[in-house]
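There are 2 protein chains.
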Amino acid sequence: MLKYQHIANEIEKYIQDHALQQGDKLPVLDELMIQFGVSKSTIIKSLELLEEKGVIFQVRGSGIFVRRHRRKGYISLLSNQGFTRDLESFPITSKVLELDIRKPSREVAQNLNIDQEQDVYHVKRIRYIYEQTLCVEESYYNKSIVTYLNTEIATDSIFDYIRDGLGQKIGFSDSYLHIDKLNEEEAQYLGLQKGDPKMDVETIFHLSNGQPFDFSRLTYNYIQAQFFIQANGQ
Amino acid sequence: MLKYQHIANEIEKYIQDHALQQGDKLPVLDELMIQFGVSKSTIIKSLELLEEKGVIFQVRGSGIFVRRHRRKGYISLLSNQGFTRDLESFPITSKVLELDIRKPSREVAQNLNIDQEQDVYHVKRIRYIYEQTLCVEESYYNKSIVTYLNTEIATDSIFDYIRDGLGQKIGFSDSYLHIDKLNEEEAQYLGLQKGDPKMDVETIFHLSNGQPFDFSRLTYNYIQAQFFIQANGQ
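For the protein sequence lines, the chains are A and B, in the order given. When we follow the numbering used here, the leftmost residue of the first sequence carries the number 18, and every step to the right adds one. When we follow the numbering used here, the leftmost residue of the second sequence carries the number 18, and every step to the right adds one.
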C-alpha cells in the first residue's frame with residue numbers, strides 16, 4: 018500500500034472515530050499535514066482518492082467536507098471487491114449447490130473473452146443475509162486464471178481466495194441490471210413465489226490487467242435487496 | 018473547462034472516431050503528448066480523468082487501454098447529470114402531470130436538509146423512451162435554489178435549465194434502489210398491471226458545494242429499464 022493510500026485510510030478512520038456526519042468540515046490542509054506528519058502533495062493525493070471513493074467532497078475556497086449517506090443496511094452497487102468484503106458489517110453466508118469444471122456456453126465464452134474449448138469453473142450458490150436468502154448466484158471463472166476451487170472455498174469468499182490465495186489483482190467490473198419476474202426454479206431457491214419481482218445483475222469482473230476472469234449472474238430476493246449508489250460530480 | 022478536461026474529451030473523441038474496442042491499446046504517453054501538443058503533466062491528468070470516468074484503464078509497464086462495454090441500449094446508473102444529457106443518444110420525452118409550489122413532507126424536508134416551512138417545487142411527470150413509458154417521476158426542488166420552474170421547462174430538461182439557465186453547478190448524488198411491485202396508480206401511469214415488478218430509485222442531488230437541491234423518486238417500467246454500472250478497481 019502506498020503512503021497516500023495509507024493516509025487516506027487514516028483519514029477515513031478519523032471520520033468514523035469522530036462520528037462525523039455529511040457536511041461536517043475536516044481540518045484544513047495545513048492542519049492535516051501536521052496531524053498525519055506528511056507532505057502537502059501526499060495529503061492532496063489522499064484527499065483526491067477519498068473524493069473518488071465518495072468519502073469527502075472539496076469545495077474550492079471553502080474547505081473539505083464529509084460525505085456520508087444516512088441510510089443503513091444498503092448494499093453498494095459500486096464495489097467490485099466481492100460481497101463478503103463489501104458487506105463486512107453484514108453477516109453473509111453461502112450454500113454451494115453446484116461446483117464443476119465445464120466447457121462454457123457461447124454467451125459465457127464471449128463474456129470471458131475465451132473460446133468454447135477452454136475450461137471454466139462453474140459455481141452455483143445461494144447467498145444469505147441475516148439468514149434470509151439474498152440472492153442465487155451462478156458464476157463462471159476462467160480456469161486458466163482461477164486454477165483451483167473447491168466447496169470449502171466457495172462456501173467462504175471466492176474473491177478473498179483469488180486475491181490472497183492465488184495472488185491475483187482484481188480490477189474493474191461492468192454490471193448490467195434487469196428487472197423481471199422470478200421463474201419457478203428461482204422462486205424456489207429464494208423462498209418466494211413464481212412471478213414475484215427480481216433483479217438480475219450480470220457482472221464481468223476483470224483483473225487489473227484488463228483480462229476478464231469471472232462472469233456472474235445474481236438473481237436477488239426483492240424483499241432483502243436494498244442498493245446504494247454514490248455518483249461523483251463531473 | 019480546464020485544459021486537461023478538454024484534452025480528455027479529445028482523447029475520448031479519438032477513441033470514438035477510430036471505433037476502438039475494449040482492450041485496444043492507445044498510443045504511449047510520449048506520442049499522446051506530441052499528438053495533442055501538451056505537456057506530460059497535462060496528459061497524465063487527462064488520463065487520470067478518463068480512468069475515473071471508466072473510458073480507459075492503465076496497466077503499469079504495459080500501456081493504456083480502451084475500456085468500453087459491449088452492450089447497447091443500457092442507461093448508466095452512475096451519471097448524475099440528469100437523464101436528457103445522459104441519454105443523448107436516446108429519444109427521451111416528458112409529459113408533466115403536476116407542477117406546484119408546496120410545503121415539503123417531513124421525509125422530503127429531511128432529504129433536502131431544509132425545514133418544513135420552506136417552499137419546494139413539486140414536479141410529477143412521465144418520461145418516455147422511444148415513445149414507451151420509461152418511468153414516472155416525482156421530484157422536489159429546494160425553491161431557494163431552484164427559484165423558478167414552469168411546465169415548458171419541466172417538459173424539457175430541468176437539469177439543463179438548472180445548469181445553464183440558473184447557473185448552478187451540479188455536484189454529487191446519492192441513490193437508493195428498491196425492487197417491489199407496482200401499485201394501481203403506478204401501473205396505470207406506466208401502462209402495466211398492478212403487481213408487476215418495478216424498480217424505485219430515490220436520489221438526492223447536491224450542488225457542488227454539497228447542498229441538496231433535488232430529492233426525486235423514479236419508478237421504472239421493468240420492461241424498458243436496462244441499467245449499466247461501471248466500477249473501477251481500487
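A hint or two may mislead.
Repeated chains share a single entry, so a pair holds when one copy, or any two copies, can fit it.
[As the list claims (entries may be wrong)] With a Cα cut of at most 20 angstroms, we get these calculated SDA-like pairs of lysine to any residue:
#	residue 1	residue 2
1	Lys198	Lys211
2	Lys42	Ser111
3	Lys20	Tyr206
4	Lys211	Ser122
5	Lys112	Ser56
6	Lys70	Tyr31
7	Lys70	Asn249
8	Lys20	Ser56
9	Lys42	Ser233
10	Lys42	Pro108
11	Lys160	Leu116
12	Lys62	Gln75
Think of the hints as simulated: they come from the structure by calculation, not from any bench. From a predicted model like this one, the values you see are computed outputs, not experimental measurements.
With identical chains treated as interchangeable, where does the CA-CA distance between Lys70 and Tyr31 reach 20 angstroms or less: within a copy, between copies, both, or neither?
within (16 angstroms within a copy, 28 angstroms between copies)
Intra- versus inter-copy proximity for Ser122 and Lys211 (alpha-carbon distance at most 20 angstroms):
neither (26 angstroms within a copy, 37 angstroms between copies)
At most 20 angstroms between C-alpha atoms: does Lys160 with Leu116 qualify within a copy, between copies, both, or neither?
within (13 angstroms within a copy, 56 angstroms between copies)
Given identical chains, is Lys20 near Ser56, meaning Cα to Cα at most 20 angstroms, within a copy, between copies, both, or neither?
So Lys20 and Ser56 pass the 20 angstroms test inside one copy only (11 angstroms; across, 26 angstroms).
With 20 angstroms as the alpha-carbon cut-off, assign the pair Lys62 and Gln75 to within, between, both or neither.
So Lys62 and Gln75 pass the 20 angstroms test inside a copy (13 angstroms) and across (18 angstroms) alike.
Homo-oligomer pair classification [Tyr206, Lys20; C-alpha up to 20 angstroms]
neither (45 angstroms within a copy, 54 angstroms between copies)
Indicate which option fits the pair Lys42, Ser111 if close means a Cα-Cα distance not exceeding 20 angstroms: within, between, both or neither.
neither (40 angstroms within a copy, 39 angstroms between copies)
Alpha-carbon proximity context of Lys42 and Ser233, limit 20 angstroms:
For Lys42 and Ser233, the Cα distance exceeds 20 angstroms both inside one copy (40 angstroms) and across copies (26 angstroms).
Up to 20 angstroms between alpha-carbons, please classify Lys42 paired with Pro108: within, between, both or neither.
Neither: 32 angstroms inside a chain and 42 angstroms across chains, both beyond 20 angstroms.
With identical chains treated as interchangeable, where does the CA-CA distance between Lys112 and Ser56 reach 20 angstroms or less: within a copy, between copies, both, or neither?
neither (48 angstroms within a copy, 54 angstroms between copies)
Check Lys198 against Lys211 for me: Cα-Cα at most 20 angstroms, and say if that holds within a copy, between copies, both or neither.
Classified as both: same-chain Cα gap 7 angstroms, cross-chain 13 angstroms, threshold 20 angstroms.
Since the copies are identical, ignore which copy is meant and state whether Lys70 and Asn249 lie within 20 angstroms (CA to CA) inside a copy, between copies, both or neither.
Both. Shortest intra-copy (9 angstroms) and inter-copy (10 angstroms) distances satisfy the 20 angstroms Cα cut-off.
In this structure, the hints that do not hold are numbers 2, 3, 4, 5, 9, 10, in rising order.
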